[in-house]
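These protein sequence lines map, in sequence, to chains L and G. Numbering-wise, the numbering used here puts 138 at position 15 of the first sequence, and it's gapless, one number per residue. Numbering-wise, the numbering used here puts -9 at position 5 of the second sequence, and it's gapless, one number per residue.
Some hints here could point you the wrong way.
What the hints assert, rightly or not - The list that follows gives simulated cross-link-like pairs (lysine-lysine, DSS-like), each with its CA atoms no further than 27 Å apart:
hint: 1; chain 1: G; residue 1: K101; chain 2: L; residue 2: K143
hint: 2; chain 1: G; residue 1: K(-11); chain 2: L; residue 2: K164
hint: 3; chain 1: G; residue 1: K2; chain 2: L; residue 2: K164
hint: 4; chain 1: L; residue 1: K187; chain 2: G; residue 2: K(-11)
hint: 5; chain 1: L; residue 1: K187; chain 2: L; residue 2: K137
hint: 6; chain 1: L; residue 1: K164; chain 2: G; residue 2: K24
It should be emphasised that the hints constitute simulated quantities derived from the structure, not laboratory data. The model shown is predicted, which means the values in this text are computed figures rather than measured ones.
Spelled out, the chains give:
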Amino acid sequence: GAVVSQHPSRVICKSGTSVKIECRSLDFQATTMFWYRQFPKQSLMLMATSNEGSKATYEQGVEKDKFLINHASLTLSTLTVTSAHPEDSSFYICSASLWAGGSDTQYFGPGTRLTVL
Amino acid sequence: AQKVTQAQTEISVVEKEDVTLDCVYETRDTTYYLFWYKQPPSGELVFLIRRNSFDEQNEISGRYSWNFQKSTSSFNFTITASQVVDSAVYFCALSGGSSNTGKLIFGQGTTLQVKP
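Just chain G, with the same shape it has in the complex (with noise of 0.2 Å):
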């Protein structure tokens, strides 16, 4: 079965501060994707980023970067020197496998508030 888990519920940091946010995932497949969706106060889910399983490049964008690392099946989400506008909840989800529904597992979020 695939599962996705993101550990931290809730995180508070103040504005400037570097923040990661975990999670860990499970699936039997060798072939599978995982995602970041950032969801704000308006409740519009934004897709972040894709990364395949074939592909353990880090990534980095402006202040966002992500660690994926299959041995230990995480792809954790680091914002650096975050803002105030980040504020919001972030998910990590899971797709892929023999049937490739396209089907996506979300974790349960994690709520991220940066203080002024």
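Same shape as in the complex, but just chain L (with noise of 0.2 Å):
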């Protein structure tokens, strides 16, 4: 159980073009996702919270109008990144969070690995 993919695993893009990427729970349902950006060696960096039928709360530093996210069901979001540019090249990761035994565990995707050209 608590199975979350993501899609795509991999994305190579143009610079100025817009990249959509989708989170699922595929066996639960999350009200709450989470989104974090990952550079090499270096650990998660959350960027944004997501809350099903609600705006997502952005941490500090991220523009929300750059890192686009929608959380329309109970077991999907999506990040878009529009009008990506190189440094924007990054591994993505999603993590939905799963209610039990009176806590929640995030459950992570396997990640996107975003290359802008």
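Two chains, two frames, some hints: make the complex.
This is the structure:
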């Protein structure tokens, strides 16, 4: 149980284009999903918290107009990188929160490696 | 403020050795949760364990064991008889607090290399 998928796993795009990444909880409903960014050999950096049916909460320094998040259902959240530039190249990871035993546990997707040329 | 420190950046051991990964945390909250995740070269974070602040019992799962000590604010992870497949980056994380948004505070990670 507690499987989270992410699509695509890899994407290469040209500078100026937009890229959409999907995050799905396959066997549970997730009221809350999280989006992270990870640079090589570094820890995960939280970008935003996504709650189903409401606007995402962005961390300080993350441009909400640049990274559009939509959480339309309890099993799907999407991250759209708009007008991507080479500095947006990174490993993007989502997680879905499962409530059990009185607290949340985040289960992570396999990640999406974005390369912007 | 909450903080997680994994002082060991990289550890290299030979297969079958035991290895302990250290994790020290800081929080002013009385209710919080601690986690360990494994990130193999494929990139996906794999959930290993969750421990709440009221449960100081040590946990053993196969070759894995965890030692939670509130007195020293530590939540260390030991792998017994390590195997090459244990090679990965291991993250310790903290969540909880009065706001309880579920946000995870990650340590910097420890890269474990197990050599045959």
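CA of K2/G to CA of K164/L, is that 27 Å or under? holds (26 Å)
Decide if the proposed pair is consistent with the structure: K187/L and K137/L, CA atoms, cutoff 27 Å inclusive. holds (21 Å)
Hinted pair, alpha-carbon criterion (27 Å max): K187/L, K(-11)/G. Please report holds or violated. Holds. K187/L to K(-11)/G sits at ~25 Å (cutoff 27 Å).
Keeping to a limit of 27 Å between CA atoms, is the pair of K101/G and K143/L held or broken? Given that 27 Å is the threshold and the Cα spacing comes to 39 Å, the pair is violated.
Regarding the pair K(-11)/G and K164/L, is the alpha-carbon distance no greater than 27 Å? holds (19 Å)
Holds or violated: K164/L and K24/G, Cα atoms, limit 27 Å. With Cα atoms ~14 Å apart, K164/L and K24/G stay inside 27 Å; holds.
Taken one by one, the earlier hints fail for this structure only at number 1.
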